[in-house]
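Participant: Sequence:
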Amino acid sequence: MADPAPFPRGIAQIVSIPGGAAGTEATVKYMVQLAVSDAKEPEMVQYARRIVSDVPSKDYEGEARAIFEFVRSNVRYRLDPRGLEWVQRPFVTLLVDGAGDCDCTSTLVACLALCLGHGAAFKTVKVDPDRPEEYSHVY
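Each number in my numbering comes from the position in the sequence shown (counting from 1) with 198 added on.
Quick caveat, the hints were computed from the structure, so don't treat them as lab data.
Keep in mind that this is a model prediction, so the values were computed, not measured.
Please note: incorrect hints may appear among the correct ones.
Using C-beta positions, here's what the derived DEER-type ranges look like [claimed, not checked]: (1) E223 / S255: 33 to 43 angstroms; (2) P216 / G315: 31 to 41 angstroms; (3) S251 / E283: 29 to 39 angstroms; (4) G218 / G260: 35 to 45 angstroms; (5) G315 / N272: 34 to 44 angstroms; (6) Y337 / G315: 14 to 24 angstroms; (7) S334 / K256: 11 to 21 angstroms; (8) G260 / P216: 32 to 42 angstroms.
30 angstroms max Cα-Cα, derived DSSO-like pairs, lysine-lysine [stated by the list, open to error]: (9) K256 / K238; (10) K321 / K227; (11) K324 / K227; (12) K256 / K321; (13) K324 / K256; (14) K227 / K238.
Glycine residues also receive a C-beta, built at the ideal position from the N, C-alpha and C atoms.
Given only the sequences and the hints, what does the whole structure look like? Please build it.
Facilitator: Here you go:
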């Protein structure tokens, strides 16, 4: 899988992702690359700082909660196009589209946390009753 293009170029690119568990692993790996890449950009750092500006100093749990609530309240949940696994750069989810599915919003939350010096990790879960053996959600 290709590394994400430098910010702000590379709004969209097509990459090949295998199916099944290998596809889940590849998607999460790409999500990490996108979050880390965009977390180095001054515009994203400034945005993250604005999100937590009302949180008391050194209230790191409060910062995490503020990031989560901001994304939950301001980014519309939108399904991927049928037949595609669509993973956007965090700046696209935040500043261009204002929408994304679970992998897009999770990548944005991780990116904003990284911008503030926090750690981040992704958790995949099997929640689709029609495909109980497959990972179908990430947070």
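Participant: Look at each hint and say if it fits the structure.
Facilitator: Against the structure, the hints:
no.: 1; hint: E223 / S255: 33 to 43 angstroms; result: holds (38 angstroms)
no.: 2; hint: P216 / G315: 31 to 41 angstroms; result: holds (34 angstroms)
no.: 3; hint: S251 / E283: 29 to 39 angstroms; result: holds (35 angstroms)
no.: 4; hint: G218 / G260: 35 to 45 angstroms; result: holds (39 angstroms)
no.: 5; hint: G315 / N272: 34 to 44 angstroms; result: violated (22 angstroms)
no.: 6; hint: Y337 / G315: 14 to 24 angstroms; result: holds (21 angstroms)
no.: 7; hint: S334 / K256: 11 to 21 angstroms; result: violated (37 angstroms)
no.: 8; hint: G260 / P216: 32 to 42 angstroms; result: holds (40 angstroms)
no.: 9; hint: K256 / K238; result: holds (21 angstroms)
no.: 10; hint: K321 / K227; result: holds (12 angstroms)
no.: 11; hint: K324 / K227; result: holds (18 angstroms)
no.: 12; hint: K256 / K321; result: holds (26 angstroms)
no.: 13; hint: K324 / K256; result: violated (35 angstroms)
no.: 14; hint: K227 / K238; result: holds (17 angstroms)
Going through the hint list in order, the structure does not satisfy hints 5, 7, 13.
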